[in-house]
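Q: What follows is the residue order along each chain.
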Amino acid sequence: EAQVTQNPRYLITVTGKKLTVTCSQNMNHEYMSWYRQDPGLGLRQIYYSMNVEVTDKGDVPEGYKVSRKEKRNFPLILESPSPNQTSLYFCASSFIWEGLDNEQFFGPGTRLTVL
Amino acid sequence: SQQGEEDPQALSIQEGENATMNCSYKTSINNLQWYRQNSGRGLVHLILIRSNEREKHSGRLRVTLDTSKKSSSLLITASRAADTASYFCATDVEYGNKLVFGAGTILRVKS
Chain F
4 EAQVTQNPRY LITVTGKKLT VTCSQNMNHE YMSWYRQDPG LGLRQIYYSM NVEVTDKGDV
64 PEGYKVSRKE KRNFPLILES PSPNQTSLYF CASSFIWEGL DNEQFFGPGT RLTVL
Chain P
1311 SQQGEEDPQA LSIQEGENAT MNCSYKTSIN NLQWYRQNSG RGLVHLILIR SNEREKHSGR
1371 LRVTLDTSKK SSSLLITASR AADTASYFCA TDVEYGNKLV FGAGTILRVK S
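These protein sequences, in sequence, are chains F and P.
Counting in this note's numbering, the first sequence tops out at residue 118, every number present.
Counting in this note's numbering, the second sequence tops out at residue 1421, every number present.
Only chain F is shown next, with the shape it has when bound in the complex (with noise of 0.2 Å):
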C-alpha cells in the first residue's frame, strides 16, 4: 500500500530534550516536505527536500533540522525543543513537478507538546 508513515504519532517531551521524528515514504517521490499545523495558521512549510541530499528551508525553519540520507526518509530533528514548538507535524511527499501531477501524499501526524 503507498504511504506516508510517521512515528511517533504523540509525543510529550520537555524543554531542551532532542527529539526525531521519523517520516518515511514507499512511493519513490523525490520531493519530501515537513509541515506544521497551528489553529488560525493553516500549514506552514518547514523544511522540504528536493532528492537525497538536498533539502532547502521552508517557512518557519527555525528550531528545526532534516536529513535525506536515503530516497524514503526525511526525518525532522528538534535539538532543543521549547514550548513554542507544541503543535501537529505532517510529513508529504510527491513526485517534482515535470509534466506529472504533483498532488502530495501526507502522513496521519505527529501530536507534539513540549513542556
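It is possible that part of the hints are untrue.
[To be verified] So the derived label-pair ranges between C-beta atoms look like this:
#1 P:1370 - F:85: 42 to 48 Å
#2 P:1337 - F:59: 31 to 37 Å
#3 F:74 - P:1418: 24 to 30 Å
#4 P:1317 - F:20: 37 to 43 Å
#5 F:23 - P:1377: 38 to 44 Å
#6 F:13 - P:1364: 23 to 29 Å
#7 F:53 - P:1391: 38 to 44 Å
#8 F:60 - P:1348: 25 to 31 Å
#9 F:5 - P:1368: 16 to 22 Å
#10 F:72 - P:1420: 44 to 50 Å
For the record, the hints were derived by calculation from the structure and aren't laboratory data.
Where is the CB? At the ideal position from N, CA and C, for every residue including glycine.
We have chain F already, so just place chain P on it with the hints.
A: Showing chain P alone in chain F's frame:
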C-alpha cells in the same frame, strides 16, 4: 501573507445542499489543488486543476479556476454528513518548489 486564502472560514449547511468554497491567490501558478482534512488527521488530496484548465470534475466535486482573477472555487454537490471536514486549497507556485496552503474552510454538514 498567505498565497492561498479560502473563503468562507466556516460553512454550515444541511445534508443534501451544495457547498461552495473559494480560494484566492497572489502569484502565477502551475496548478491549484484542493485537500480535505478530517479532524486532526493527515490531509487527503481531492483534485488538481492545472493553470491551463478552467473546470474539472471528480464525482460530486467540481473545481473551477480563473487565472485572470487568481481565484478558484470548489463545489461539493449533494453534501453528506461525512463531508464534514476542513478543506484547503494549495497552490503550486510557478518557479517555486513547494505547495502553499491556505488557512482552510471548515465545512459542517448537518444531518
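Q: Need the list of violated hint numbers for this structure, in ascending order.
A: Numbers 2, 3 and 6 - these are the hints that the structure violates, sorted from lowest upward.
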